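There are 4 protein chains.
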Amino acid sequence: MIPRYARPEMVAIWDPQTRFRIWFEIEAHACDAQAALGVIPKEAAAAVWKAKDAEFDIARIDAIEAVTKHDVIAFLTHLGEIVGAEEARFVHQGMTSSDVLDTAFNIQLCRAADLLMAGLDRVCAALKARAFEHRLTPRIGRSHGIHAEPTTLGLTFARFFAEMDRNRARLRAAREEVATGAISGPVGTFASIDPAVEAHVCAKMGLRPEPISTQIIPRDRHAMFFATLGVIASSIENIAIEIRHMQRSEVMEAEEYFSPGQKGSSAMPHKRNPVLTENLTGLARLVRSAVVPALENVALWHERDISHSSVERGIAPDATIHLDFALHRLAGVIEKLVVYPERMRANLDRFRGLVHSQRVLLALTQAGMTREAAYAAVQRNAMRAWEQEADFKALLMADPEVTAALPPEDRRLFDLAHHLRHVDAIFARVFGADQTV
Amino acid sequence: MIPRYARPEMVAIWDPQTRFRIWFEIEAHACDAQAALGVIPKEAAAAVWKAKDAEFDIARIDAIEAVTKHDVIAFLTHLGEIVGAEEARFVHQGMTSSDVLDTAFNIQLCRAADLLMAGLDRVCAALKARAFEHRLTPRIGRSHGIHAEPTTLGLTFARFFAEMDRNRARLRAAREEVATGAISGPVGTFASIDPAVEAHVCAKMGLRPEPISTQIIPRDRHAMFFATLGVIASSIENIAIEIRHMQRSEVMEAEEYFSPGQKGSSAMPHKRNPVLTENLTGLARLVRSAVVPALENVALWHERDISHSSVERGIAPDATIHLDFALHRLAGVIEKLVVYPERMRANLDRFRGLVHSQRVLLALTQAGMTREAAYAAVQRNAMRAWEQEADFKALLMADPEVTAALPPEDRRLFDLAHHLRHVDAIFARVFGADQTV
Amino acid sequence: MIPRYARPEMVAIWDPQTRFRIWFEIEAHACDAQAALGVIPKEAAAAVWKAKDAEFDIARIDAIEAVTKHDVIAFLTHLGEIVGAEEARFVHQGMTSSDVLDTAFNIQLCRAADLLMAGLDRVCAALKARAFEHRLTPRIGRSHGIHAEPTTLGLTFARFFAEMDRNRARLRAAREEVATGAISGPVGTFASIDPAVEAHVCAKMGLRPEPISTQIIPRDRHAMFFATLGVIASSIENIAIEIRHMQRSEVMEAEEYFSPGQKGSSAMPHKRNPVLTENLTGLARLVRSAVVPALENVALWHERDISHSSVERGIAPDATIHLDFALHRLAGVIEKLVVYPERMRANLDRFRGLVHSQRVLLALTQAGMTREAAYAAVQRNAMRAWEQEADFKALLMADPEVTAALPPEDRRLFDLAHHLRHVDAIFARVFGADQTV
Amino acid sequence: MIPRYARPEMVAIWDPQTRFRIWFEIEAHACDAQAALGVIPKEAAAAVWKAKDAEFDIARIDAIEAVTKHDVIAFLTHLGEIVGAEEARFVHQGMTSSDVLDTAFNIQLCRAADLLMAGLDRVCAALKARAFEHRLTPRIGRSHGIHAEPTTLGLTFARFFAEMDRNRARLRAAREEVATGAISGPVGTFASIDPAVEAHVCAKMGLRPEPISTQIIPRDRHAMFFATLGVIASSIENIAIEIRHMQRSEVMEAEEYFSPGQKGSSAMPHKRNPVLTENLTGLARLVRSAVVPALENVALWHERDISHSSVERGIAPDATIHLDFALHRLAGVIEKLVVYPERMRANLDRFRGLVHSQRVLLALTQAGMTREAAYAAVQRNAMRAWEQEADFKALLMADPEVTAALPPEDRRLFDLAHHLRHVDAIFARVFGADQTV
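Protein chains in written order, with full-length UniProt numbering: chain Z, 1 to 437; chain F, 1 to 437; chain Y, 1 to 437; chain P, 1 to 437.
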């Protein structure tokens, strides 16, 4: 985890204190269930809750683990120090360490998913706001980096909104994948613990019982989770690349917000670098790097091997923390993006009407010219416009073959409004009935 | 695509003839819609359907493309040769090549997903059948490759069923992701084509209109699709690894089916290699290799760049064909897997009862011994059993401290049935009400 | 393998005929060595060479394999049909299939590496030629996509040359990695074959004996090989991205060559798409996708498992064929790239001298102004130039504080030559003594 | 970076204090060179060295960076606080931040490579020692996890030595890749700084000048570096998997060292889990995850974009720290691996001689029997041995057809020594003349 790309809310989820708190709650709820089943004394279960508001001493737990080489035993020993060794002897009865570890891990992932969802919500809100703001701000559409036909900046934001909205649905599904818990004992047979314990703990912790676990919760769930984060990261890259292109010196259609006092480039006013979106491009690569190891984690030996563990100690905090940071950084960039509509218009007009050539061609064909004749007419005027840096429309209007074919109303082929007439329909498809920001 | 790892059904989806057939249908339906809108003559739309049952001449289309360097134009030219150039001049009106290419690509992916689903269904059916067959076949559960506690082979199959059943849900979601079509023109603004055309074509082809497209359908959808295939492939590896372990010489709990006449190893009867599951392990790597490039395909420049195209020409057929083959190979392996319950039992008994040591420990604790005393009692007998290769149970029953603590009925701690008593409950969770195979 | 991204030379290396030819040579040389050792009759060894110029019947071999399910046995059976079953019975004596398969595979990889090297050579030659051609063609250098300071197009080509030249060294090392052969029997102990056979075959086939093999040649070698191809692919992407940027409508500093008759965009003369470099971007992703599975192939079970095989059937032809194609496509793009020096100059001058602001700042500091005062002077004039779209140099020369500090000769701060004075030195570092193209 | 998988030596390399120390040295040497060129006063250069033994105040630098949003400026400001603002004003003259950042980064990578080399050396030494110790310890060789023919444990260690020795060569090459420095100014043209400064700094810091840089050192170098780490990680996984297999309950040929007092499993003496090698398997995945983002970092925009930076902030410390830890963990595992030669022998004899069937077949053929007759003879005895759990050799020696063919001396076909006779030759190939440990 790279501290400078981390928000405290997400870091807290992966903090040892949080993890031990979750472990405690799992163990305590399990004791309640065991007591209800008559497996352990009710008083023992009640006693465990004495640690409800205790702060766990991380250093102490680490010290114990250094001796026992076992994290859960270290925690339980420390718990005994808090609630009393005698009362604590019934804790963890019939459970295996993974019952605690995996259930807690999934709770952390669910919480992480909730934070990520908030980040996606903020990104979507920003995209929606800017989409409506620039619904009809004309801009040249580009394929292959080359001017094609007009579109609007609002449509650009709207498509990113649609993409990020899909990512919300994906993240929701990914969260569902890992919202399971398992308290099923050493190899998942419930040989030494009643399934009722699992049911109780899961209900209390907001999870579904894993229908069938081994010693662990199956890792295809986590593979899907991290693969989904990889897709979201790629969408962030997609938006970042668009903004970087808009900001490049020759395009200058938009800029990341640059605070007035921001040091460094004020001597070179043209030198405002899209460092935030470049950073997002890199963060996307970093988050994506969790996908392959998560996929490699699926195939474990028999009822479990522990090779997945070190991987998850790395990718789980890293991928969620960096993605969370990236979503908020992206939201900030979108919210404050400085847009230059005049530059967009200047770029749109750069080729003096040539971007309308396809539409002229179509109109001539529809007006009855053969495709070949229409093509020849468009081509000769387009080439002339290109080579002489002349106005394409003027040339066309001076070409008798063209004017003979086109009725006067069609001469408005260069009208931008033509390209924008379906924008509302598209917005309705993307944003639905709620056309308010 | 590696021909030996390909089934003809899936290969056919990626065959040029299939692709051109889909292109034709898209264009013909688009003509119908354009005719209904009055954009093109009804007769022209009707004429296009003359090619309905025609075989397209791939070599001819290739020859035209070699000149025009444009695949869609080559196809349209050839279509004109079939239906007549005059009738064909209204085909593709207002459309851009990507309207055809992307919509067709998604149709191919949907069909591929349908075939993959059939493969998953077959795998699930095989797993379910074997799960019920071996519901109570005892087997040692292993963590870290080391004997832990007893489980059953049926539980192993049941958990793989649950995993593959999850993959069905994932594949269903992945298919939904790519079940969209777009006929929205050069930069997605519908400037030269009415959205009604898209609606009609999508309805006819079983797709939803893409709410907002640029020149292309957004690639986050395909990233999610291929990421899902990567997860499924990893699950295949998971099962393959289990079978490879079961078949290794020292374990020999199961073997891939080996036909009586199968040449080569009959002089070495012990040498039956799990080559199918090893192959599946490799195929899993191959399918997974599509995930990263699919993620890298998301960030395209502006309204599109064509860098995704070459990637998809490779990964789309390769990943779907190899995964389809792998699913059916896996199903065959499971269906015909030769199981050796006696070997399972022999392995289970290998350590003369030591696998029950945890349960004894728990029973002693519950019988009132302190954890320390119970531990000491179990340990001394376990170490003796281990070092002297003696029977653990016999030693325990000869230990006065143990027999003093344990009531006679608890001496049945070594009863396997104890470990199997929740199997039915787990099966009910996995297979639901339908407990028939 | 995608046929349209394949050159016949590389495809031929992976052709079954080539593979069987190599298998034959390995077997025949092995017979010679076995005969020399007296293990098999000299006549038998001589007889095998009867197949020296034979065309192998692939369909026949496939038919035999369909029965025997073993590729090497199928080949040997067919070889027996050519040279006579009696003479053929000594072929393959003491060898295991992998002795042939792995040695042949490495020969194919070496030949592939040789072809790739030729491709790299062509790319390097093209880059060198264009570097010298444009050694002093001024161009704005950009960091973050934003204008920074002047450089030359020749330096751009020169750095790509240096990168591709490094790739030559890497490919040379990668070829060395896989230039080994092994004829060491079932588990690599030479139990049934003398090491002299391996030595003879390797000498004849241009390989080094693998110092220690198991049944197979260790796969860390191949992992390194494919990782190297992944690096080369990334360098291709690097150059491709540069060209795509140069060609985008607002930059237009260079274009992929567009043949005069090339159909499609002549009606839109501004619409010349960098489709070749976009394609190269995608091919880079495709080639890179071989890296991870090659790394996953390293860890095999004990003396071998065959999981690597299906992976290599895919990635070996695919990665080498696509990379080979990509190198030649890239070379063609560079050789014929249409360069627009005037556009470069226009872009360079776009900000009316502001790109020199750093240099002015430095000069003022060196002239004795404090950094703060110098900064303030530069900043006020830069901001004025930016906001009023005025000439930066003119404004500076009208600023008394500046002219007081700067001696007249320093007023030539805007001289481009200043930025180009080390170009020759850099060229000497990159191209060495050989400054001819 | 996961603290529990980190050694302080490697962590120190990535410590801010180390980084600032390197930055300082680069700046101070650059001042010397600038002073020698007469660009800055000799006194200013000398003054900078006042900070030679200073501890940099990280918190202070962070505080400045929080304001300036620029790490190098923050450092320089703090440096000014140490050496005096006046003296410090000549520091960094003509340089761009990346001159410092990239040169320092490469120095860190070189130091990391040196530490990794020490780790590889330790692994190699351990492997060599164990190889010689078990040069002739017989062990069954396995292909596909199935018993094949005898080999020795020494050969297993020897081949891992050879693999790790290759990794030393690769790491050496990878270190060379990144052992370059660049002090070439904003876009790499040396416009504001003489190449002599770069030469001086590089000489002092143990680097070669980068022949041609832009604002940054080209990232194909780093891609190759991290790809190499990925290969080394895969080799670690390869050895880890072998040990995990040896330790599994049914094989038990070796075990990770288990300290006598180690808590937890002493009540289950059979339950000694190979947790270290499982952990290494996971760490291998983690280290490998750096490869793809490093490859994606190669293609930057024009003279640089900063997307690589966040990636490297993650992967550079993470991959080197975890790989370093893994190498030492692996070395420890090998050094202390508990080997059970008797279990190896028992496994070898498990199939009562059937592992020699191939050799018998060969002997019969060489003795003049047709392949078919020999095959039939071997097969019928092998099947009988298999089905009746009888001794293969005894059956063969009782088969008249066999005894008729085989001369008495060939009856020693079951002699293990036959399989070991080339071990010395192989050791000579692997370890060369130095056959001492």
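These aren't lab readings, by the way, just hints derived from the structure by calculation. Remember, predicted model here, so these are calculated numbers, not experimental data. Any given hint might turn out to be false.
Claimed, not checked - Straight line, CA to CA, 25 Å or less: simulated DSS-like cross-link-like pairs of lysine-lysine:
1) Lys336/F to Lys69/Y
2) Lys50/P to Lys204/P
3) Lys52/P to Lys42/P
4) Lys69/F to Lys336/Y
5) Lys336/P to Lys69/Z
6) Lys204/Y to Lys69/Y
7) Lys52/P to Lys336/Z
As the list claims (entries may be wrong) - Pulled from the structure, derived: some chain Y residues nowhere near chain P, Cβ distances all over 12 Å:
8) Ala118
9) Ala125
10) Gly185
11) Ile236
12) Glu242
13) His328
14) Ala428
C-beta: ideal position from N, C-alpha, C; glycine also.
Outcome of the hint check:
no.: 1; hint: Lys336/F to Lys69/Y; in the structure: 18 Å, holds
no.: 2; hint: Lys50/P to Lys204/P; in the structure: 18 Å, holds
no.: 3; hint: Lys52/P to Lys42/P; in the structure: 17 Å, holds
no.: 4; hint: Lys69/F to Lys336/Y; in the structure: 18 Å, holds
no.: 5; hint: Lys336/P to Lys69/Z; in the structure: 18 Å, holds
no.: 6; hint: Lys204/Y to Lys69/Y; in the structure: 30 Å, violated
no.: 7; hint: Lys52/P to Lys336/Z; in the structure: 44 Å, violated
no.: 8; hint: Ala118; in the structure: 20 Å, holds
no.: 9; hint: Ala125; in the structure: 17 Å, holds
no.: 10; hint: Gly185; in the structure: 8 Å, violated
no.: 11; hint: Ile236; in the structure: 9 Å, violated
no.: 12; hint: Glu242; in the structure: 7 Å, violated
no.: 13; hint: His328; in the structure: 19 Å, holds
no.: 14; hint: Ala428; in the structure: 9 Å, violated
Hints 6, 7, 10, 11, 12, 14 from the list above are not met by this structure, while the remaining hints are.
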